[in-house]
Each structure stands twice: as structure tokens, then as C-alpha cells.
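S.K.: Spelled out, the chains give:
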Amino acid sequence: MNELDDNAFEVRSRALFHDSVEGLDMRIRSRLTQARSAALEAAATRRPWALGWKLWTPAAGVTAAAILGVALWMGSPLHHQAGTLADAQSNFEDLDLLAASDEGSGDALDMLQDDIDFYDFADKSANPGPAA
Amino acid sequence: MARFGTLNTAWMVWDSPAPAPEGAVLEYTRELEKFLAEIERRAFRMAQVALRDADDALDVVQDAMLKLTRSYASRPSAEWRPLFYRILENGIRDLQRRRTVRKRVMTWLPGPKEDPDSEAQDPLENVADAAPAIPERLMQGQAMEQLERSLRALPPRQREAFMLRNFEGMDVAETASAMACSEGSVKTHYSRAVHALREHLGEVW
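Keeping their order, the protein sequence lines are chains P and S. The first sequence maps to residues 1 to 132 in this note's numbering. The second sequence maps to residues 1 to 205 in this note's numbering.
Any given hint could be a false lead.
Label-pair distances were calculated between CB atoms; the ranges are [claimed, not checked]:
1) 203/S x 25/P: 27 to 35 angstroms
2) 103/S x 73/P: 54 to 62 angstroms
3) 45/P x 103/S: 35 to 43 angstroms
4) 25/P x 152/S: 15 to 23 angstroms
5) 74/S x 66/P: 40 to 48 angstroms
6) 152/S x 5/P: 31 to 39 angstroms
7) 184/S x 33/P: 33 to 41 angstroms
8) 184/S x 73/P: 16 to 24 angstroms
Everything labelled a hint here was simulated from the structure, so no lab data went into it. From the three backbone atoms N, C-alpha and C, an ideal C-beta is built for every residue, glycine too.
Throw the hints in and build the complete structure from the sequences for me.
M.R.: Encoded structure:
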């Protein structure tokens, strides 16, 4: 089998194929025409949506940017830092309580002094000394 | 001023919210229709050779047309043919896979077995010829039938390369694009296909 034979084979097979294409019956041709029309019609019905793509683009862009922003915020160190600040605020409140306790230590001494005065008064009332 | 970027992207790059001019859309549609009309019969026959069933071949051709017009119509028209045949070949292989699965399932079920590859369903019977049945045409029909059988015996990639190069007349680069492979692979597949076909058909064919 040489190249010349290969060429002859190719020419003959091509001719046979094209003969078979030309010999297609009307039923097949008609159905192919219908298929083509359906495909073009489908493309035509898709067209109005495609024509308005520029109208949709800004809205889609804004939505995508918002979603991206939220996603970045949720995953960003700032978001974690915000949580840390809340914790720190709670700690400050605790410190305030502690500080308040420290500040109140003076009041507690005053209260203790009041109690001593009261107990002294009660003792004198219960055990009155000899009348002067 | 609003205008189309290219004719092929008529409904994709129209720069105005107003509807595209009727004339431009018509011109675009005509070009797409012309392409499909020019290619559809050969595509059908190639699908029929691979699938051995006229109705299945019509289905995959219609599906390829729909996918091309819906998804790839915005591509330059020079790309339509390789894209169309790539879609078509994918459809053929999907259908062949489904047939294989169905065949396996049917072997497990009781009752008469369905064999889609049986010779009784040879689609050549559907390719009626309106011309008088003269002996020469009968011989041509028989020769084509032999060629189809030999093509079906080839590995799918060799069959695809042979049909695209020889039947469709694509060059090596276009065939490589349609087959999603290198030009070297196309040459190899095609060369092996020619030699296998000649060996299978014999010297008298």
C-alpha cells in the first residue's frame, strides 16, 4: 500500500460519502430543517436577555461586592479584633467593680465606726452607770 | 453611537439598551442559518455512521445545533465548524455510553434482549434513494455500506479524525481544534485510520 493508493482510497471514500449525503431522503432533510429552525428560534428567544446584559451588570456587580465585603469582614482580623474589644470591655467592667470595691473600702470603715458607736450606745443604755 | 462589535457577537455586545437593529440581527441569523444548512446533512451522515440509527443521529445533530446557537454563537464564525463537530462527537459518545449501560442492564433483565447494535437496525435502510436503482448506484451503496462497517470497527478517535479530515474536508489545524488534541495526534489518528480501513476493506474495494 503506497501513498498513491492511499490518495485514491481517500478520493473514493469521500465521493461515496458525498453521494450518500446527496441521497438523503426527504424525511431526513425535512427533520434537519426543523432542527435548524428550532436551534435558531432558541437562539432568538435567548437574545432579549443577552441584550440586557449591560443593565444587569451594575446590579450584579454591587451584589457581588456586598457579598465579598461581608465574606471578607467575617474572615478578617478586624472581625476577630472586634470580638476582642468586646471581651476587653467586659474586663473593664470587672475592673470597675474591683475598683469600686477598693473605693468602697473607706465607706466600709465608716460603717464599721458607726457600728462601734451604736454598740457603745447600746451597752451604755443596757448598763447605766451610777448616777452622777 | 451604538453598534455591533462584530457581526458574530450581534446580541452580546450591542452597546445600547435599545433593541438591536432588525437588519443586523437578520444578517447575523442568516449567517448562522447558512452555516447550519451547509453542514447539517454531512453532520447527520457522520453521526449516522457512528450510531447506526437515523433517529439517534437526528437527535444528536439537533442537540449540537442547539448548543452551538445557545452557547457558542458569539464566537467568530471561523470557530463554528470545529466547535459544532466537537459538540456533535461528545453527543455521539454520550449516546454510545448510554447504550452500553442499557445493554448491560438488559442482559440482567428477563425477556427479549434489546440489541441496539444489531444488524437489523442498520440505518442504511432509512437512507432511501429517490433515484432509480441502477446497478452502479447499488454498487456504490454497497461500497459505502462496507466503508461504514469498517469505520465503525475503528477506534473512536481514528474514526473521528478520518471523517473530519476526509468527509468534512477540514485541515489538520481545524481537525485538531474539533478533536481537542494536537495536530500531531490528528496526523497519527488519520494515518492509522486510512491504513486500517484499507486493510479491512481489501484491495478489491
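S.K.: Against each hint, give a clear statement of whether it holds in the structure.
M.R.: Hint by hint, here is what the structure shows:
Our hint of 27 to 35 angstroms for residue 203/S and residue 25/P holds, since their Cβ atoms are close to 33 angstroms apart. Under the hint 54 to 62 angstroms, the C-beta atoms of residue 103/S and residue 73/P, about 56 angstroms apart, fit the expected range. Taking 35 to 43 angstroms as the suggested C-beta distance range, the pair residue 45/P and residue 103/S conforms, at roughly 37 angstroms. Distance hint for residue 25/P and residue 152/S: a CB-CB separation of about 22 angstroms, consistent with the stated range 15 to 23 angstroms.
For the pair residue 74/S and residue 66/P, the beta carbons lie near 29 angstroms from each other, so the given range of 40 to 48 angstroms is not met. Against the hinted window of 31 to 39 angstroms, the Cβ-Cβ separation of residue 152/S and residue 5/P comes to about 23 angstroms, which falls outside the hint. Separated by about 39 angstroms at the C-beta atoms, residue 184/S and residue 33/P satisfy the suggested range of 33 to 41 angstroms. The hinted window of 16 to 24 angstroms between residue 184/S and residue 73/P is violated, with their beta carbons roughly 52 angstroms apart.
Going through the hint list in order, the structure does not satisfy hints 5, 6, 8.
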